[in-house]
Every structure is written in C-alpha cells, then in structure tokens.
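Dock chain Y against the given chain L, drawing on the hints supplied.
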Amino acid sequence: MKRVRLWGTRGSLPVALTAAGVRAKLRSALRGASGRTFDSDEAVERYLDGLDFAAAGTYGGHTSCVEIETGGPDYVLCDLGSGARPFSQAAVMRHGPDHPQTYHVFLSHLHWDHIMGLPFFVPAYIPGNTIRFYGGHAELEAALRRQQEKPSFPVEMTIMPATLDFVRLQPGTVHEVAGMSVTVMKQRHSGDSYGYRFSAGGRTVVYTTDSEHRLVNPAETARFVELFRDADLVIFDAMYSLADSISVKADWGHSSNIVGVDLCHHANVKHLCLFHHEPVFDDATIDRVLKETRRYEEISRENAAPLHVSAAYDGMEIDW
Amino acid sequence: MNGALLLDLSKVGYISSVGLRVVMMAAKHLRARKARIAAAALQPIVREIFEIARFNHVVELFPSMDDALRALSEPALAAYQAGTGSSAQ
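So the sequence lines, in the order shown, correspond to chains L and Y.
Going by my numbering, the letters in the first sequence line up with residues 1 to 320, in that order.
Going by my numbering, the letters in the second sequence line up with residues 1 to 89, in that order.
Hints listed in this document are in silico derivations from the structure and should not be mistaken for laboratory results.
Note that the Cβ used here is the ideal one computed from N, Cα and C, for glycine as well.
Treat each hint with caution, since some may be false.
Computed list of chain L residues with no C-beta within reach of chain Y, every gap over 12 Å [unchecked claim]:
1) 16
2) 26
3) 32
4) 36
5) 122
6) 142
7) 218
8) 230
9) 260
Here are the computed distance ranges between Cβ atoms for each label pair [claimed, not checked]:
10) L/22 - Y/83: 56 to 64 Å
11) L/49 - Y/78: 58 to 66 Å
12) L/214 - Y/83: 35 to 43 Å
13) L/30 - Y/22: 45 to 53 Å
14) Y/70 - L/37: 55 to 63 Å
15) L/30 - Y/57: 21 to 29 Å
16) Y/78 - L/22: 56 to 64 Å
Chain Y on its own, in the form it takes in the complex:
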C-alpha cells in the first residue's frame, strides 16, 4: 500500500479545464509513487465535467466519502466517521 489522495468535492460546484489540469498533475505525481487518487461526493455538474473530460478514467470516483474511504483505507474510514459522526451504511 502506497497511500492515496482523496478529494472531497462535495462543496465544489464547478471545475474548469485549469482546475482539471491541477488534478492531473496530482494524479501523475501519485501514479509515480504507485499511490491512488480518488474523488468523492461530486455534485452532478462536476461529475458530468469529469466524464466529458474523461477524468473518470484518471481519478476513481465514489458517491460519498464513506464509500471512498471504505475502498481506500478502513482505518481512515474509522477515523473519518469518528471525526464527522457519519456512519458507514
């Protein structure tokens, strides 16, 4: 396990091509370290932009932070739920 970067995009209402480029830079950096990059809780518009730009093939997308953390790291999920009071359904 080489770690992972998870982006909580729940508060992001729009992302431009320049913003996507920053995500790509992070993805390249992480891939070189054999680490994963994921994004969670995308608003519908942001998810559409990711798909049109084919960034859904670059970044793992999850419906929620809980779903993402469950896939990436159980300890991180536990810590996240303890911090936010969310529960894994």
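Looking at chain L on its own, in the form it has when it is part of the complex:
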C-alpha cells in the first residue's frame, strides 16, 4: 500500500465554488500581498504556501470516491460518488484504451451520492476492462443498474462493454483482494452502510463513512475501536458537530469530528482524515472545523499517542 488519493470528499451532494467564493479568496490574497513584491514564480508560490488552505485552495465538492494505490496492477476504489469521474479520466489517460485494467470498487452503501459517478465511469465503457463491485447490500447490482435506466439516464448498464462483476460481502468477514486483506463491518445508517479495513505490507487504512455513532452502547463502540485498531489512516465521516449529530440530526446516519478523535485515540490510530464534509460548509468553515478538531485532539489526548488530524480535499494524496 503506497498511497491514498481522495477524488471526492463532500457529503450528500456535489457542490462547486462560486464566482463570489473565488472573488473572496482573491480579495483576501491580494490584501495580504499588499506592499510585497514578487520577482519570481517561486516567490509567488512561497506566498501562497503561507496562506490558509481556505484562502489559497478549496476543499472541493465531488462526492465520495477514494483510491487506494496498492503498488500492484489493479485499481482499488471506495465508493463511486461524482469524484469517480475525474478518477476514471485520469486512469484512462494513464493507460490509454488498449491496456485493460481491473478495478475493485468497494461501496459503503447505495445512496445516490455514493454511486452517482458510475454512469460517467470511463473504464466501464472500454472493452477488456473488468469492474468488480463489492458491497454488503443484497440490492447492490439492482441499484447500480436502476440508476442508469430510462428515464433517469440514457445509457443503460447493458451498454457498458467492460466485464461487470458483483460480489456480495458479509459483515465480519475478511477477504483477500488486490493483495490486501479487507475486513467488512456493518455500520449504523439508513438502510445500513459498510466500513472497510484494508491492510497490506504493514499498512492499514480504514474507510468508514455514512456511519452514525450513538455512544450509548459500549459493545458497539468497542467494535469500531477494533476496526480502527492501530490503523495508519482512518477516513471518517465527520459531517456534523457532535451537538447536531445527537440532537436535530440524530438518526440522519452521520458522525462528528469529536467522535472521530475519541475513537481514534482509543484505537491508537496515527492519522484521522475528516471526510464527507457537510455541503453547506464553505472552505473557511471546514478550515475552522479542522483547527478546532486539532485543538480537541490536543485537549483530549491524555496518555494516547499524538493523532495527526487532516481535512480531506478533492485531489489530496496521503503517501507512505
């Protein structure tokens, strides 16, 4: 396992930076540059590196799609949100149409924001490719076919020339896929969702999104601590504040930054990546949540090892 690349990190619905949002970033950057001189591109880059991420970049707006680069020939993806479209374009650009590939796609669940990228998944339209879908839901294949049926979309899945396989996974089981050991766990979400623990070559990544933690059942908490145990990276649904997730948005199936830190501390995780951002949050709000989460990690650490906390953004790469 060499790298994790996040192609889509937004929750529920794709969003885009608006013209007003770009202008606000420019205004902030230009104001900060007042009185400075930039005699080279490197000087400009140094200045930009010193700005907050919200001022110089954007967290992006594609829905969930995460690539795990194993170092082997096959591709491994978690979810096919709208981020699957830029992933698929990059993959085809890399190989061209004449070099068939195998794509292993683990689906957390079948809600629209996690499958909406499939109709635009270029490798599915290339003969010789194999797309293997893994998931815990009995309706896995039917849900994917249904979203491309008329009148929802003009190209049905029967048109896709790639070989399409569907693999039903049972919670609590372990599978060997693309050189990795994959553990499956059922999560609390409307209609259920599934979290995945990927381990290979001494590295472990946990992908756990659309998962609500009620904090009332110690046995349930312990199950998640075991799923996360000693992971190098946990990609965690931190869509809401703790207050919202257990009050007005209880039973909406999502979690918080606070619970993410607590679980990761208990499980001796090295890196927590906040994921599935609330679509109404702008970049400055996500920056603020990240800073607060890092502070909470510091406050709550006690005797636990320091936990690195990041906020996922479209295009983010995490290397080892």
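Positioned in the frame of chain L, the structure of chain Y alone reads:
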C-alpha cells in the same frame, strides 16, 4: 416560567463525548417541558470543548453561578447567595 436546570461546572476539569451526551439528554428532556438548561463557571478547557462540540448552542453558558442565577431566577439567586455568602456584583 417552566423552571430551569443549572449545572455548576466549576469543579469539572474535563468532559468527554459521553458526558456531553448526558447533557444533551437532559437538554432534550427540559426542552420538551419548555424549561431552560444552563451551565456556569466552566473552566477554560471545558468551555473550549463545549464550543468545539457546538454545545454552546444547546446550553446557555454563564461566567459564574451568580450571573446564571440572575438570568434564570432572582429568588434562586437570593437563596444561593444566602447559602454561599457570595454577592452579586
């Protein structure tokens, strides 16, 4: 007036997510009775945790018990000051 619950957190040095959940349960219960919930004299770390978890939107926060009681109930303030010898400044 439907009453209020006031938490004196002056001796609380830390609160976990599980502890906050208990506060939320109390808040829901009180809201259903149209009663208020407040907390006073939070140590800086506890106040930070309340704010990071957005519990400052759930619970009314006051710098001191006197401030809280003044906002919630003058009779309770008088009784509290008589009992503790504190004075409302």
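Hint check:
Separation of residue 16 of chain L from chain Y is adequate, the least Cβ-Cβ distance of about 26 Å exceeding the 12 Å criterion. Listed as a non-interface residue, residue 26 of chain L keeps its Cβ farther than 12 Å from every Cβ of chain Y; the least gap is roughly 30 Å. For residue 32 of chain L, the non-interface assignment is confirmed: its Cβ lies about 27 Å from the closest Cβ of chain Y, beyond the 12 Å cut-off. The claim that residue 36 of chain L is not at the interface with chain Y holds, since no C-beta of that chain comes within 12 Å of its own (minimum 34 Å).
Against chain Y, the non-interface label of residue 122 of chain L holds: every CB pair exceeds 12 Å, the least being about 41 Å. With a minimum CB-CB distance of about 38 Å to chain Y, residue 142 of chain L clears the 12 Å threshold, and the non-interface call stands. Distance check on residue 218 of chain L: its Cβ comes as close as 9 Å (rounded) to a Cβ of chain Y, failing to clear the 12 Å threshold; non-interface status is violated. The Cβ of residue 230 of chain L lies farther than 12 Å from every Cβ of chain Y, with a closest approach of about 21 Å, so its non-interface assignment holds.
Residue 260 of chain L, annotated as away from the interface, has a beta carbon of chain Y within 12 Å; the closest lies near 10 Å. Taken as a hint, the range 56 to 64 Å holds for the pair residue 22 of chain L and residue 83 of chain Y, whose Cβ atoms sit roughly 60 Å apart. A hinted range of 58 to 66 Å for the beta carbons of residue 49 of chain L and residue 78 of chain Y is consistent with their spacing of about 59 Å. Judged by the Cβ atoms, the range 35 to 43 Å given for residue 214 of chain L and residue 83 of chain Y holds: they are separated by roughly 39 Å.
With their beta carbons about 48 Å apart, residue 30 of chain L and residue 22 of chain Y fall inside the hinted range of 45 to 53 Å. A hinted range of 55 to 63 Å holds for the C-beta pair residue 70 of chain Y and residue 37 of chain L, which are about 56 Å apart. Range check, residue 30 of chain L to residue 57 of chain Y: Cβ separation about 34 Å, and the 21 to 29 Å hint is violated. The supplied range of 56 to 64 Å is met by residue 78 of chain Y and residue 22 of chain L, whose beta-carbon atoms lie about 58 Å from each other.
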